[in-house]
Amino acid sequence: MDTEKALDAFGAISQRSRLDILRLLVKAGEDGMAAGDIANAIQGKQNTTSTNLMILTRSGLIAASREGRSVIYRADYSGIGALLAFLLEDCCGGRPEICGPLLQTLSDNTRRSCC
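The opening position of the sequence shown corresponds to residue -12 in the working numbering, with each subsequent residue numbered one higher.
Hints were generated in silico from the structure; no laboratory data involved. Please note that a few of the clues may not be correct.
To be verified - Only pairs whose alpha carbons sit at most 25 Å apart, straight line, appear in this in silico DMTMM-like list of lysine to aspartate or glutamate:
id: 1; residue 1: Lys(-8); residue 2: Asp77
id: 2; residue 1: Lys32; residue 2: Glu(-9)
id: 3; residue 1: Lys(-8); residue 2: Asp24
id: 4; residue 1: Lys(-8); residue 2: Asp7
id: 5; residue 1: Lys(-8); residue 2: Glu17
id: 6; residue 1: Lys14; residue 2: Asp24
id: 7; residue 1: Lys14; residue 2: Asp77
id: 8; residue 1: Lys14; residue 2: Asp(-5)
id: 9; residue 1: Lys14; residue 2: Glu54
id: 10; residue 1: Lys32; residue 2: Glu76
id: 11; residue 1: Lys(-8); residue 2: Glu76
id: 12; residue 1: Lys32; residue 2: Asp18
id: 13; residue 1: Lys32; residue 2: Asp77
id: 14; residue 1: Lys(-8); residue 2: Asp63
Unchecked claim - Simulated DEER-style distance windows between Cβ atoms:
id: 15; residue 1: Arg10; residue 2: Gln33; range: 13 to 21 Å
id: 16; residue 1: Glu84; residue 2: Gln33; range: 17 to 25 Å
id: 17; residue 1: Arg45; residue 2: Ala72; range: 14 to 22 Å
id: 18; residue 1: Ser65; residue 2: Arg3; range: 18 to 26 Å
id: 19; residue 1: Gln30; residue 2: Gly81; range: 44 to 52 Å
id: 20; residue 1: Glu84; residue 2: Leu6; range: 30 to 38 Å
id: 21; residue 1: Lys32; residue 2: Leu90; range: 33 to 41 Å
id: 22; residue 1: Arg3; residue 2: Arg53; range: 23 to 31 Å
id: 23; residue 1: Val58; residue 2: Leu6; range: 17 to 25 Å
Glycine included, C-beta positions come from ideal geometry on N, C-alpha and C.
The task is simple: from the sequences and hints, build the whole structure.
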């Protein structure tokens, strides 16, 4: 991931509703959610939620697919992973003892909240 793409992703999640949507879709997993269900879950207006979904999709943090008459949104784990990798790319200047606790925290949180 380059700097411009990372800035787009950070910009996308720098607003509360969009961050809430991303976290909701991460929790939803591979099943994803329809746009209307997302709007209801975050108590947002349909048109505002639609705009926020477009911004998150453009940033590469979520993806959309049509299933029948519905558009289903899912977290794009490769996009989220690329953003995390961008942050940790030059981690610790060759001093793994500094990054060790951070990576352990990420690993522990993933095990607790995922799958």
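Cβ-Cβ distance between Glu84 and Gln33: within 17 to 25 Å? The hint (17 to 25 Å, Cβ to Cβ) is violated, given that Glu84 and Gln33 are roughly 50 Å apart.
Does the structure keep Lys(-8) and Glu76 at a Cα separation of 25 Å or less? 14 Å, holds
Lys14 paired with Glu54 [C-alpha distance capped at 25 Å]: The hint holds at about 20 Å.
Is 23 to 31 Å right for how far apart the beta carbons of Arg3 and Arg53 are? 28 Å, holds
Is the straight-line distance between the alpha-carbon of Lys(-8) and that of Asp77 25 Å or less? OK: Lys(-8) and Asp77 at ~17 Å, within 25 Å.
Sort out whether Glu(-9) lies within 25 Å of Lys32, counting only the CA atoms. Roughly 30 Å between the alpha carbons, so the hint for Lys32 and Glu(-9) is violated.
Pair hint Lys32 and Glu76, alpha-carbon separation not exceeding 25 Å: 38 Å, violated
Please work out if Lys(-8) and Asp7 have their alpha carbons no farther apart than 25 Å. 20 Å, holds
Taking 25 Å as the top limit, are the C-alpha atoms of Lys(-8) and Asp63 close enough? Between Lys(-8) and Asp63 the Cα gap is close to 14 Å, so the pair holds against 25 Å.
Just to be sure I understand the hint, the distance between the Cβ atoms of Gln30 and Gly81 should be within 44 to 52 Å; is that true here? Distance hint for Gln30, Gly81 holds at roughly 47 Å.
Taking 25 Å as the top limit, are the C-alpha atoms of Lys14 and Asp77 close enough? 29 Å, violated
Lys32 and Asp77 were given as a pair; does the straight-line alpha-carbon distance stay at or below 25 Å? 40 Å, violated
The structure shown violates the earlier hints numbered 2, 3, 7, 10, 13 and 16.
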